[in-house]
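Residue numbers (my numbering), protein chains in the order written: chain A, 1 to 456; chain B, 1 to 456.
The hints are simulated quantities; they were obtained by calculation from the structure and are not laboratory data. A portion of the hints provided could be inaccurate.
Residues on chain A that point at chain B, a partial pick, calculated with CB under 7 Å [said to hold, decoys possible]:
hint, residue
1, 69
2, 140
3, 186
4, 195
5, 409
Since the model is a prediction, treat every value here as computed from it, not as a measurement. Built from N, CA and C at the ideal position, the CB exists for glycine as well.
2 protein chains.
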Amino acid sequence: MDLKELYEKSQELLGSEVKLQGWIRNHRKQKDFGFIDFSDGTCFKHIQLVYTSDLANFEEIAKLHIGCAITVTGTLIESEGAGQDYEIKVKDIVLEGDCPEDYPLQSKGRPTREFLREQAYLRPRTNLFQAVFRVRSVTAYAIHKYFQDHGFVYFHAPLFTTSDCEGAGEMFQVTTLDLDKVASSGKVDYTKDFFGKRANLTVSGQLEAETFAMAYKKTYTFGPTFRAENSNTKTHANEFWMMEPEMAFCDLKQDMDVMEDMLKYVVKYVLDNCPDEMDFFDKFVENGLKEKLTKLINSNFTRISHHDVIDILQKAPVKWEFEPIQGEDIAKEHEKYITEYFNGPVFITDWPKDIKAFYMKLNPDNETVAAVDLEVPGAGELCGGSQREEDYDKLVKRMKEMGVPETEWYLNLRKYGGCVHSGFGMGFERLLIYLTGVENIRDVIPYPRTPGNCEY
Amino acid sequence: MDLKELYEKSQELLGSEVKLQGWIRNHRKQKDFGFIDFSDGTCFKHIQLVYTSDLANFEEIAKLHIGCAITVTGTLIESEGAGQDYEIKVKDIVLEGDCPEDYPLQSKGRPTREFLREQAYLRPRTNLFQAVFRVRSVTAYAIHKYFQDHGFVYFHAPLFTTSDCEGAGEMFQVTTLDLDKVASSGKVDYTKDFFGKRANLTVSGQLEAETFAMAYKKTYTFGPTFRAENSNTKTHANEFWMMEPEMAFCDLKQDMDVMEDMLKYVVKYVLDNCPDEMDFFDKFVENGLKEKLTKLINSNFTRISHHDVIDILQKAPVKWEFEPIQGEDIAKEHEKYITEYFNGPVFITDWPKDIKAFYMKLNPDNETVAAVDLEVPGAGELCGGSQREEDYDKLVKRMKEMGVPETEWYLNLRKYGGCVHSGFGMGFERLLIYLTGVENIRDVIPYPRTPGNCEY
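Isolated chain A, as found in the complex (with noise of 0.2 Å):
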């Protein structure tokens, strides 16, 4: 039985026999008796093993350390001690997995987070990483269900690409040229690799995206994606993934519209469905944190374009350490400012042309494009999407402008029956950050891939 199923069924379990499979988190042994703290990671809630010396290997069991993986068979019974409804009296426990005394996740002091990236394999079986990662896995699910219940068809963008049509300056490049060769032989020969011409891991699948928004009206990916950036900050990784929907027959105003929702939806799904999670995220990682996601569940989110933003950050009665100018970008600190002075979420909409990227509606103005960023308070920005550019000629002129390569296939399809569309795209970590209050984006990834770090 998982342990999650016994808690859902404690009811009518208890006073009976149960199995259950998993790991010894912590040991106490008294002389006549112990405790075991007992989890199988099916849920976020341990349960205590209660045993005494009146087991034929009490002994035995009385030597198991933390870290054994082991069989306890046993019967549930209401806890009479502080913290916990149910516990199970010991009938037997089978050693399944030794575990030494060299275990480095001992209960002795609680680990740092830097240590636990050095034991990124082991780290998932500590209170925090058990439910950094569930939340994870739940708010993938959340996503997925959002869209397919909302008919949006879920694309798997191409990784590998040969256009470089967004910033190939950072991109990671494929090969199977043999390294060696290429040094000895003093030449790089692209007819000789794989694709025949040189390749790239994508940045994004949004281009591509825009094809399937052509056909089915409503689109998404979800995936992984690639940045070379030579950053070591807590919000860099140069793996993540992101998801990147795509409407046709869609506005800017309407894509505020499913970024809204489908925001509030996820956030919505992960508060029900990882209650236990989410306290301990709220009691141990960042206080408050349930508070800022029901707020942001039940606010209405302000829109407001970047001229009328600027307008009130000069306004405002602060010392800025960057000026707010007109036609430019906006800092941290004016995000901050912005999300406080509405008190929640702001679409920031319209934006300076020359800021943004090349596939973004230019407005009437042609001076700013219809593009937004989302602004959560706590978080800054947390996404950003836009209306694309369905005007052939405008879209080559822009192309042109800001030497972009005019790949054929991307401007057919503003020959081919184009429409008004739009998509935004989302960073999960950064939705993870938001979510847990974990700040390091190493420590929402299983795995984190950062410059100079590609263990396991």
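Add chain B to chain A, keeping to what the hints say.
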């Protein structure tokens, strides 16, 4: 409104005005009226738009090309024509995006799949690929739903790896070294590469998934996988998706239970949720497809050892191209025979150790391992799995014998609370080929990557 919604609520909408946005798939015009075959991609079904010469813009509507994006308003009425229940009597049609006559998807003649592969960005607009890629989406969701409903934690395996635990020979290398500089300098300095050493793209997330199984009891991966195999066959792609469940306290028998249950669930889910698409495949792609799948759902999978399979093959009244031999692999013709012999799916267990992977559990006979391949009628091998070697010393011995690097963290899973555990892997595209009857893997991946082919 989406066309999907219109069909769901057709009874109550009958006689009302509706508004749809989508594309013209075909257009037949007469002197005083015309028929437009309309689709918006939200469901497999199209709907017929009927317009008459009393409309103010009759002449413009009559000129609309195949492929145009339009907004149509009109009344939902019962159809008098054969083959459809409803049609829309047009009140107005607004052109949203034109489509010139050089549009590659004209109605004259059915384009070949080879031609459509060249037009990969347009092919989801055809009936066949519209059906294939929606089934791909729904199948992916069914897999997530099965595992999440059964308490599995979704694990995102890392794709960059510096380990070469599994067949490094067929890996793509990932680098940020400037290859031109490598060539001109005459040497490869991996300390200057992004991760400070040679890095590749993973061929399997299984080993890392085992770390999650030891923390959550049940976990699964579902993500892209890469193999640099230089094979140009109907079943090989170099970038594909794979799912890999991994379960602690689970032996080979329980592993097979999950494989059988999961597969039946997914097949049933797709039949239930994509009835129109499956009818289409049954009619136009593989006659008898639905019967094949329904039979699978209702069958009990046979379980038989590799040894006994070879016995049956050797006694069979068949002239084999490849002679079945004890201790050796079985060929495609054998797979076919054995599923016909048992008239249903067959689990072949306990394979000769020398033809299987190092991590599979050695049986007491010291000759075979606790591995399983699932063979299904009409497709051969669909997936494979094994109980993993949980004995530290035996695993080290197998690693040495097979020349596999003795990766410390992987071995430590056997040292720190290891236990009996099992898992399996299923190629997602192989499943899709089985589900749709479409034979070529290039036709079930939106943008397939094969040797020399990396477009879009």
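Structure-based check of each hint:
Taking 7 Å as the C-beta cut-off, the interface hint given for residue 69 of chain A holds, the closest approach to chain B being about 4 Å. Given hint, residue 140 of chain A at the interface with chain B, holds; its Cβ is 5 Å from that chain's nearest Cβ, closer than 7 Å. The restraint placing residue 186 of chain A at the interface with chain B holds, with a minimum CB-CB distance near 5 Å, inside the 7 Å limit. With a cut of 7 Å, the hint placing residue 195 of chain A at the interface with chain B holds, because the nearest CB-to-CB distance is about 4 Å.
The criterion of a C-beta within 7 Å of any C-beta in chain B is met by residue 409 of chain A, whose closest approach is roughly 5 Å, and the hint holds.
In the structure shown, no violation is registered for any of the earlier numbered hints.
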